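**Q** Each chain is listed here by its residues.
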Amino acid sequence: MANVRTTRHILQGLFLALILMGVFVFKKNLEVWCPFGGVECLSLYIHDGKMLCALGASNFFILAAILLLTLVFKRVFCGYICPLGTLAEGMRYLAKKCGIKPVELPVAVDRVLSVLKYVILAGLLWGTFKATELIFRHGDPCFAMIGSGTNEEVPWTAFVVLGALVVASLFVSMPFCRWFCPLAAVLNVVSRAGLTRIHRDTTTCIDCGRCSRACPMHIEVAKRPSITEARCLACGECLLACPVSQTLTWRFLGRHPIKHPARWIAVAIVLCLAGAVTAGRIVPLPTFINARDVERPPVVAEHRLRVEGVACSGSARQLVFFLDRDDEYAVPGYLKVLTSPGPGYVEVRLQYDPSQTDPNALVDALVEPYYHAAESRWRPSPFRVEGYDPLTRF
Amino acid sequence: MRTLVLVALTIGVGIGLAQAADVPAENPNDPNALALEQKVRQYIETDQDYQAAVTAYAQAARANPTVQYYRDQFAMLRSVSKMQAALPKESLPEKWRAYAEAVRAYHYSKGYYQAALKVDQAAQVKFNEPSFAIRKIETLLLVGQDAQAQSAVQALAQASADAVPTRWQTLRPVVLAHTGQADQALAAVADLKIDAKTNPASLFDLARVYKAAKKVEEALDCLRLFLEHTVPTEMATSKNMISLCADFRDLQDQEAFKTVLATQSKVAQSDCSGGSSCSTCALKGKCSSSK
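Going line by line, the protein sequences match chains A and B. To get this note's numbering, take the position in the first sequence, counting from 1, and add 3. To get this note's numbering, take the position in the second sequence, counting from 1, and add 1388.
So that you can see chain A by itself, here it is in the shape it has in the complex:
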């Protein structure tokens, strides 16, 4: 059973390293892989057919993958993947090594605090829909970690929350995950129906309470015949702490014991995330649509491009501005723009009247610099089209 912990820590370290490399080395916008981004944007996407700044269809795919994992293995995302969970655990481990004793809150206080994440989730969903911007960024410790990979400025308040999380994690086990994380509130709804659970054999249990003390989420394992608690991270610490063999077991649908849970969890995580990444790449959903108010010609052509420099709906609007330009690179025949952000690029579909323009003119309009009359200066285009180098055509 020890390999549950080993597997978990390997996966935690791997995901944390991947995230840090992605942000700091490859300078990627990892916000497009945040499952909570899918939660924040869902209502707006259904209502308006558009995503919010910096997010893409990949957020929906990763959310679906995480929900599927949660349905099978409870909050395995929090225990194996989430960088904030890893950070919190790491801080508590350091504190333990330094001799700092954990602060134990009364159960009643813990329960009241646990409700906070639902309040935060409700507030965020309502606020995001009304404001049509990612208001959680102002207090999102994860955005403080990954935000430098985006084109957006990370609000100082997000760093304050991250700092508070780091400090609090020295004294309390996983405070953000237990009380404040709005994604945890979403996952809890599915996790309650988790298909795999820890079962306690009351006939062999010696009631030593070690399992309860080992649980980072403070679940009273020793008092339950079966762990139905939504907040279970599937970390397996209770199983490792149990001194009596086969007293705590991992079971599927309450009946079938799982022999190698670590293996199953690792395979499920890899399959679900790989599926989400693949889907995000091959099934792009348009997140910004702009149609020109002109009569559609009988023949409409479409040109697909991969464009760098479109990070959000604001820059997608700027892309439309470039197509609407009235200088030497004007393209009178374009009809509709659909942008589908993916990780590291945006697929842009341009529908146009082939009798008036051609793909080369569309690309020129996007990448050539323009004169910004309001500021009396020339601005280079912020867009780069994959496979197009203006020097080769000169």
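Accuracy of the hints is not assured; some may be wrong.
FRET-style restraints, in silico, Cβ to Cβ [to be verified]:
1. A/Pro357 to B/Ala1624: 35 to 45 Å
2. A/Val106 to B/Glu1616: 51 to 61 Å
3. A/Val192 to B/Thr1586: 55 to 65 Å
4. B/Asn1587 to A/Val122: 52 to 62 Å
5. B/Ala1624 to A/Gly130: 34 to 44 Å
6. A/Val122 to B/Thr1586: 47 to 57 Å
7. A/Ala333 to B/Pro1476: 17 to 27 Å
8. B/Ala1421 to A/Thr395: 19 to 29 Å
9. B/Ala1474 to A/Thr395: 22 to 32 Å
10. B/Glu1616 to A/Ala333: 37 to 47 Å
Please keep in mind that the hints were generated in silico from the structure rather than gathered at the bench. None of the values given here were measured: they were computed from a predicted structure. C-beta: ideal position from N, C-alpha, C; glycine also.
Fit chain B to the supplied structure of chain A, relying on the hints for placement.
**A** Chain B alone, transformed into the frame defined by chain A:
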């Protein structure tokens, strides 16, 4: 295994910090950069060969694929040369104005005042408006054609006072100062009230008047105020203009002049993204320039 997580964290942060320090250069740093700029200046100002200038930037961009500056300069000059070539054929007045303004802005940003003068002269011939006359006078003074500037000022003096832009109040004294009438120039600016926020370029004119009257300290004060009221995106153009201006050539080695050239803008830059409409712009709350 927790140690593994911590090691991953440390390595990740370490690599991140190392990468953060490796910021790609904004400007060319190869030793031939200055020579290239001089070559391009000659192509544009002397030979009027835009194709050769664009080719020079293209070659530099190919030779230095990691330097974005050359690619940007290549793309910008290519657009400018297309507009420049389109000007004689353009029949729509509004489009002609827009092109002329764009071409002139480019020449000013690079200090190609001879090339800008050609645009100004063509614009005045085409439209014969005081605003274009003012632009021409401004450029004539920068290239040292003081007699022509004087003629243009006299011609403009015939126009009705309402039609003449406020810049005329400070350009006329510069012409006086350049034609040996420094005292009259000083008298002309003595009671002038200049709104630095709306018309910072007038402070540049004022500095030239003071310099001609040998009031160096006042001239430097005006230049400092001029730069302080220049928006950050136009700062390079303004500093270029001061550096290239013949009036201040003898001050180039003075510490006080160098200090002035190091002045930072005190004007907030507009957040305008240059989009087509303010009503749908996500930045409209922050932006001061509505269209």
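**Q** Compare the structure with the hints numbered earlier in the document and write down the numbers of the violated ones, lowest to highest.
**A** none
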